[in-house]
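*Asks:* Assembly of the complex is requested from the two constituent chains, each provided in isolation within its own frame, with the hints serving as guidance.
Those sequence lines, one after another, are chains A and B. The letter at position 9 of the first sequence is residue 30 when you use our numbering, and the numbering goes up by one with no holes. The letter at position 863 of the second sequence is residue 958 when you use our numbering, and the numbering goes up by one with no holes.
One or more hints might be untrue.
[What the hints assert, rightly or not] Dumping the calculated DSS-like pairs for lysine-lysine here, alpha-carbon to alpha-carbon at most 27 Å:
| # | chain 1 | residue 1 | chain 2 | residue 2 |
| --- | --- | --- | --- | --- |
| 1 | B | K329 | B | K290 |
| 2 | A | K109 | B | K733 |
| 3 | B | K801 | A | K58 |
| 4 | B | K415 | B | K390 |
| 5 | B | K329 | B | K830 |
| 6 | A | K58 | A | K120 |
| 7 | B | K830 | B | K319 |
| 8 | A | K84 | A | K109 |
| 9 | B | K731 | A | K84 |
| 10 | B | K801 | B | K714 |
| 11 | A | K84 | B | K100 |
| 12 | B | K801 | B | K731 |
These are computed hints drawn from the structure, not numbers from a lab. Fair warning: this is a prediction, and the values are worked out from it, not measured in the lab.
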Amino acid sequence: MSTKEQKERIELLQGTLDLLILRTLLLGPAHGHAIAKAIEFESDDVLQVEQGSLYPALHRLIKRRWISFEEGTSENNRRAKFYRLTSKGRRQLAAETRKWGKLAGAIARILRPAEQEGEP
Amino acid sequence: MRRRKRMMEDLDRDIREHIERETQDNIDRGTPPEEARYAAVRKFGNVTLVKEETREVWTVTWLDELIQDVRFGLRMLRKNPSFAIVAVLTLALGIGANTAIFSVINSILFKPLPVQAPQELVDVFNTPPKDEAILQYVPLAYPDYLDYRDQNTQLTGLLAFAPTEVALERENKSELIPVEEVTGNYFQVLGLQLKLGRGFDEAQDRVPGGDPAVVLSYAAWHSKFAGDPNIIGKTITINEHPMTVVGVAPQNFHGLMRVVAPDLWAPISMDSVLHLGNPVEDRGSQWMFTMGRLKHGTSLGQAQAELQSIAARLIRMYPKSNKERSVVLLSADQVKIFPEADKAVFAASMVLLGFAGLILLIACANITGMLMARATGRRREIAIRMALGGGRLRLVRQLLTENLLLSLLGGTSALLITSLLNGALSRALASFSTSLPIGLGLTIDIDGRVLGFTLAVMLGTTFLIGLIPALKTSTQGLADTMKMETRAATGTRGKHRLLNTLVVGQLAISVMLLICAGLSLRSLWNESRVNPGFDPANMVTAAFNPSLAAYNTQQASTFYEQLTARIQALPGVESASDTDRLPLTLVVQIGSCAPEGKENDPRAKLSVATATVDTNYFKTMRIPILRGRAFDDEDKPKSTPVVIVNQTLANRFWPGQDPIGKRVVFGGEIKNYYEVVGVAVDGKYITLGEASRPYAYRAMRQVEYKDRTLVARTMGDPQAALALIRDVSRQLDPKVPVTNIETVQQATSATLLLPRAGGTMFGLFGFLGLVLASIGLYGVFAYTVAQRTHEIGVRMALGANPLDILRMVVRRGMGLALIGAVLGLIGAFALTRELSIILYGISATDPLTFVTVAVVLILVAMAACYVPARRAMGADPMVALRYE
Numbered sequence: 022m023s024t025k026e027q028k029e030r031i032e033l034l035q036g037t038l039d040l041l042i043l044r045t046l047l048l049g050p051a052h053g054h055a056i057a058k059a060i061e062f063e064s065d066d067v068l069q070v071e072q073g074s075l076y077p078a079l080h081r082l083i084k085r086r087w088i089s090f091e092e093g094t095s096e097n098n099r100r101a102k103f104y105r106l107t108s109k110g111r112r113q114l115a116a117e118t119r120k121w122g123k124l125a126g127a128i129a130r131i132l133r134p135a136e137q138e139g140e141p
Numbered sequence: 096m097r098r099r100k101r102m103m104e105d106l107d108r109d110i111r112e113h114i115e116r117e118t119q120d121n122i123d124r125g126t127p128p129e130e131a132r133y134a135a136v137r138k139f140g141n142v143t144l145v146k147e148e149t150r151e152v153w154t155v156t157w158l159d160e161l162i163q164d165v166r167f168g169l170r171m172l173r174k175n176p177s178f179a180i181v182a183v184l185t186l187a188l189g190i191g192a193n194t195a196i197f198s199v200i201n202s203i204l205f206k207p208l209p210v211q212a213p214q215e216l217v218d219v220f221n222t223p224p225k226d227e228a229i230l231q232y233v234p235l236a237y238p239d240y241l242d243y244r245d246q247n248t249q250l251t252g253l254l255a256f257a258p259t260e261v262a263l264e265r266e267n268k269s270e271l272i273p274v275e276e277v278t279g280n281y282f283q284v285l286g287l288q289l290k291l292g293r294g295f296d297e298a299q300d301r302v303p304g305g306d307p308a309v310v311l312s313y314a315a316w317h318s319k320f321a322g323d324p325n326i327i328g329k330t331i332t333i334n335e336h337p338m339t340v341v342g343v344a345p346q347n348f349h350g351l352m353r354v355v356a357p358d359l360w361a362p363i364s365m366d367s368v369l370h371l372g373n374p375v376e377d378r379g380s381q382w383m384f385t386m387g388r389l390k391h392g393t394s395l396g397q398a399q400a401e402l403q404s405i406a407a408r409l410i411r412m413y414p415k416s417n418k419e420r421s422v423v424l425l426s427a428d429q430v431k432i433f434p435e436a437d438k439a440v441f442a443a444s445m446v447l448l449g450f451a452g453l454i455l456l457i458a459c460a461n462i463t464g465m466l467m468a469r470a471t472g473r474r475r476e477i478a479i480r481m482a483l484g485g486g487r488l489r490l491v492r493q494l495l496t497e498n499l500l501l502s503l504l505g506g507t508s509a510l511l512i513t514s515l516l517n518g519a520l521s522r523a524l525a526s527f528s529t530s531l532p533i534g535l536g537l538t539i540d541i542d543g544r545v546l547g548f549t550l551a552v553m554l555g556t557t558f559l560i561g562l563i564p565a566l567k568t569s570t571q572g573l574a575d576t577m578k579m580e581t582r583a584a585t586g587t588r589g590k591h592r593l594l595n596t597l598v599v600g601q602l603a604i605s606v607m608l609l610i611c612a613g614l615s616l617r618s619l620w621n622e623s624r625v626n627p628g629f630d631p632a633n634m635v636t637a638a639f640n641p642s643l644a645a646y647n648t649q650q651a652s653t654f655y656e657q658l659t660a661r662i663q664a665l666p667g668v669e670s671a672s673d674t675d676r677l678p679l680t681l682v683v684q685i686g687s688c689a690p691e692g693k694e695n696d697p698r699a700k701l702s703v704a705t706a707t708v709d710t711n712y713f714k715t716m717r718i719p720i721l722r723g724r725a726f727d728d729e730d731k732p733k734s735t736p737v738v739i740v741n742q743t744l745a746n747r748f749w750p751g752q753d754p755i756g757k758r759v760v761f762g763g764e765i766k767n768y769y770e771v772v773g774v775a776v777d778g779k780y781i782t783l784g785e786a787s788r789p790y791a792y793r794a795m796r797q798v799e800y801k802d803r804t805l806v807a808r809t810m811g812d813p814q815a816a817l818a819l820i821r822d823v824s825r826q827l828d829p830k831v832p833v834t835n836i837e838t839v840q841q842a843t844s845a846t847l848l849l850p851r852a853g854g855t856m857f858g859l860f861g862f863l864g865l866v867l868a869s870i871g872l873y874g875v876f877a878y879t880v881a882q883r884t885h886e887i888g889v890r891m892a893l894g895a896n897p898l899d900i901l902r903m904v905v906r907r908g909m910g911l912a913l914i915g916a917v918l919g920l921i922g923a924f925a926l927t928r929e930l931s932i933i934l935y936g937i938s939a940t941d942p943l944t945f946v947t948v949a950v951v952l953i954l955v956a957m958a959a960c961y962v963p964a965r966r967a968m969g970a971d972p973m974v975a976l977r978y979e
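Isolated chain B, as found in the complex (with noise of 0.2 Å):
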């Protein structure tokens, strides 16, 4: 480029230099100057075009060369269809599977925050002290928040917010939202450009109820209230309160934790109606997430040292609740979703990507096989080439072009199918999202980053296909490309050894996919077959808030007693109880707990899964008691405190002895003793696939928690009873939310999301590996049965029977599947044990995958060659001969 600068710019001197000396000349030979010059400019010619015909010298050639390479690359698949057709379909999933995990992955990893210079976010995080740290990140006290955002002089705003739920009172229904707690300068802090309206008032932060106010997130303001343009200024009814709505959020706007979104924000001065139960005015209550924006300048350290001197003057001042309190800084884009959490999501997320790229790997390798099968085709005509005075280098650029138009195609059509996926899974997660207790926000698209990853992935696909039969197809000798005629003579095996590696490759890798997809199903399948230790079929549940529609204890236990009481009369209800939490629904309570006698012994504590249930509950819930008794109406609120245990629990603390009437501390709760009065049987709690663990539960009477969940067993199909307990329920009270209204069976299947999800990605990369594995091996028979026509016909011609030929042809494709496959389980054997953590109930080397995973795998690879083979079977031994 300089050069022809350069050139460009000695140009315009040469031209003037060459009209001076022919003029000269002219008048040299007795011109008269003026004509002189006039006769030397025509003679010259057009001085501008000559300008322009020599930059054009300069600057076509390339750009010349790469439209021609393009036209030729479009012109050879035109020419073969089908080869491109399945070469960019081939492609196309292949990188598809990866700018779709990417474009997840970036969406929760990768993308910054939507609002203003995001880059000068800072969290703020507390470190508690050394000895007590189970977490290394804990959230700050709302008055510790409001020292460091009031004596801080590096940082222009702090804002603090805090997730919880709240009753939305709606056309005379209420439901449970997710919202988060703020600061009143959250929207100014973060810059945010609200859709609708404005943020909240934060002189009012201090003042209790000073600021009745909400903003929709825009998500809510679409599904709650249709998007109703006229939303700002009306009244909502949250947890019996009303609040206007003030604004509504911009649509990429989830929150500031990544994944979790809430509905709606209000304002830290509406606490008390929100019910968050943590006091405001606790030091020793450190509950709110905080950000910071740092001032133009000002680096993350320089902002630490001052947050920390502030801590350190905190510690002084009140010794007890901020004792070895420290912060810490992170800049925000570091911290995803929870500094503890992260770690976990990144390790999930390389392993996907990594899964993804092995299905990548296996579409190169395809369409690798299917162009050197071409290359071969094609070796005459490169000789030719060649033998014209084609330049190697440009040679291997015109193969390069046409794989590089190949992954355009492709990585196109991969974007398309993205764009498509990205959509469904949006949506999937939306109504996801509306049977768990946490909102998913998550803005899945195609911005800059998934574009230049998907590019990326293009271009080194791209290298990877093409590289090797590019390389070998031009280095090959003319001679040996000019002597072709003899080809089918010589035979074909040596020539396709590194094809047939490729397909060994591909089939070893699916056979790796299809086992760990065998496995996890499998596992799955174990699972769901796990008894929970109750009988979960026929049961409905629902889940009350009768604390949102301001009830005393006194109130709440009455209200379930009577719900209970016209629940069980309902006809078809054979029985109901109440409890705090079901079993294997994701909300688990785990405290320590102790034996009498032990209680300072830190060996003897176990680490303990509790509920608090109603009488009724073991009856409901068909939970055998092998020993003593259940709860029953003496367990009063001033009577002995009792517990019954699982079997697990007393085996561990009391090994052969009889644990009825023996006593256990729970907590922190010193000389507050629980008195074994039975031992239920073990189930499961927290996941279908953990260990037996100990397990206690405390009778509803003794500890009367507000909010707490019905379950009642029908008789026959519980539909029916499903819609009637918001009947039941409204009739006694309407304002009391009734949330989670669903079968038993839909309750407890939460904890098989994850194993789901996971088994059903394996099984979607496994099935994409076979089906990119199986065309492979079509097309690499296709190709080989072709190249031997001549040989077959020879064959058939001096009388072989068609039999024959298949047998051969066959024979030669199982050898390879059978060699893939082998590999692929021995792969699969050393790579399964990584997997044995997630798995249930089935060994990570459990022969009946491994055997069916090989089998299933032979018998594609057979119909993958059976059809070429076929083909050649039938070929008739004149066309056959003809062939050349």
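Only chain A is shown next, with the shape it has when bound in the complex (with noise of 0.2 Å):
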């Protein structure tokens, strides 16, 4: 990975990319690399994962029993895990997505003003 597109992507915030895998899953179970191309996909490019980091955050999420998984084979006959929203993951994504909207709200009500100021 390059400097350049470095700059160009926001990088995630610790946890978000949880809480992106579970909004993801709300529309139906999935395997990792879908999951991957529909964060690209959803978020235009701009929020891009670094795929293989997927996969701890996968993890982490089954061990909480956020999400559960099964094999299934997919589209092209191959094998693969297919990952799927939990009722405690369902809970939780509504949960994480009310903090996270104060969260936003505050921040940007904090950084408001300095973005007023900078303009003439």
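*Replies:* Now the structure itself:
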């Protein structure tokens, strides 16, 4: 990865990736590659996940029992793990989303005056 | 763990799949294949790192949490160092008492013999005919041993040994030392790697005088030969006979009987030199302890069956000596000292451990009390953590981790204390054994078993001290705790019920321990004041063994005649005599005795302890002769055998009659009558605590023992005479070993040894218990007073007298102390009955002891709550009110 690429993209806050995965799985079970693609696609490539980092996150979520997985075959007949949101995960997603909303709002409120000052 | 492994195995495949998919996507988008794969890998990132991070997801958490808990626990302890120090010290004492006792018990009961494959070893005992069985297990006769050894097929080796004493001559002095006479294969069968040199030559066993060799014990090598590295090949003199040192045993080997340790081993071919007095070729003399090593794959039962068939054959061949004699095998790790003695040793060990356990219980109650007090103080912290979503289990674990830290610190200090104590104990044992006729050898150290025991005690302690407070704290309602501001108003009585119960419980236990201590100490005091029937003050004694200098009976008698005459002539010596044994020295001879005319009436027979004494004995010992006369020069070998009996014997045999002129027989000496010429006053003979027992004296001139004990009465301080005895003896013959030169008071204090050890033990336990209980009391009071600072401040602000405050706090403490004392007294009342067998001259429910202990306890308790109360009284109302 080059430095140029990094500058243009937003680095993910810790825990945010978890939230994005949960959000993605809300639409239905998916395998790892599909989740990565979905995150990239839905954020218009602004949030580009280094695809590998998806896996520790997935395992973390499995361990917390927020998602489960099952073996299946994908569209082109390949074996793959399909990850699925659990009810616990669903609740967690709701809570996290609320928290995220609050945090984003708070940060936005703090940052707005600086923005205005910057503009003549 | 299994789950983690599976997840990690899957991960490899998942990553491969992922990259392939991405490659396919890229190709679909029109990227050339080789570039497509490269782009996919690049996009995926560092595969190794990903795997690493995923693995961490599965591994780190619990360890992480533990580290977190430990860190947090240490921080909590550091924040409150006085609590930490008191708690760790308390636990160190509590656990240390258990570890120390266990390490001693371990060295006697549990440590395997320090030899090769000790689990293969079996003890071989004969079983006597049923009707003659006093002992269930008896040693073997040497010829029987040889038959067992040579005819069996199930053992790889069979050894035999017999403890005895010999005179070791060193620097012109003779001393009596404990030794073991062993078969030549002793060290080979044990597979023992000697420290230096070699073992004995088995081929010489049947050749009298064939192998004049000794193997020194490590301890004797150091204490008697200064650890001389060139000792091998040197000649030492034993019983006037030169013997060559051929080996030195390893440091941890003390022989095969635990506790009892010889200074050296000598082969059975030297029996004539060792003068054991047990005919080697006699099947009637059963004197050898025997141990065999099972062949690989042979069971104890198989070996026993074979030896029993050999024993049966021996019965047929030697019907007279081997009548009904069978053989029994016991696994060597089951036999500690001697099968008959082991039960008592085991029981005593368990009693000691039980007391140590009580001490630990007090210590635990202490810590629980302190933890509960602290936990109450930490309720807000815990409530906040729970409000923030901390799991209850996690909280309990956090609290338990803190307790585990305490136990670990306490246990480590306990091990430290124990290792110091063990060193001191080993030294004490070593110095102790010089004043006893037997050697003591124990390897008391901290081995795996002691560590395991300590660890188990530590874990048990952790749960004991931690569970109640942890559970209680974490189940408290949140809302309740959040409203804590109101605590000063609600008072403290209800909250501390559990705390109070703990204090009362530990006070009660220490009352019981203290009463046991008090009773045994008073019993000891009583025993030391008992009139033993003679006057032990200003007397000296020494033991002589001319038999070890090859004297015959006539020579020995002449020797003693000259010896007593010369000692008596010393300035400051009033009179001197000799005897075969002193009373109260644990050396006893007991046989059956019957009055004339009732020799065949088993009901008339008495078991009577006897001594053989010379003419001046009664005068020297100041034993009053109530009727008749003492022995005199006319009681010669050829004249009428005479005996002097004590009052008890006279009354039992001839109640209401004049015993003078009556006759008795001893043991199996049929038709050998002894005529009673005198009645001596009753005394104490075996223990000071004994009830009056029948005793008889025979005349030395008629029995003529070679080895005797000298007694001499001095006019003043006996020390001067002590120094002269050896000189006098050496002038007569330097070859005769002189041992046990000491005052009679020292010599007869041996019987006080056990009660003294018991009294000291109980005293220590009681003291430890009291110290711990008062620490607990102090801790709880300091805490409750601190909790009531606010209330006290209000009271003082409203004009309460400081003295009233003091009274109020102390009264509450006294209430607890009184309840504890009363419960303890009731418990002790029920418990001390069991002690009554070892108590002398004092009732097991002696009121003085009970009252004294109760008063002592209440005084200590008063002191423990006075200090915090005093602090409360001196509190500035303003500070107290601002406490929140």
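*Asks:* Which of the numbered hints are not met once you compare them with the structure shown?
*Replies:* Going through the list in order, the structure violates hints 2, 3, 4, 9 and respects the others.
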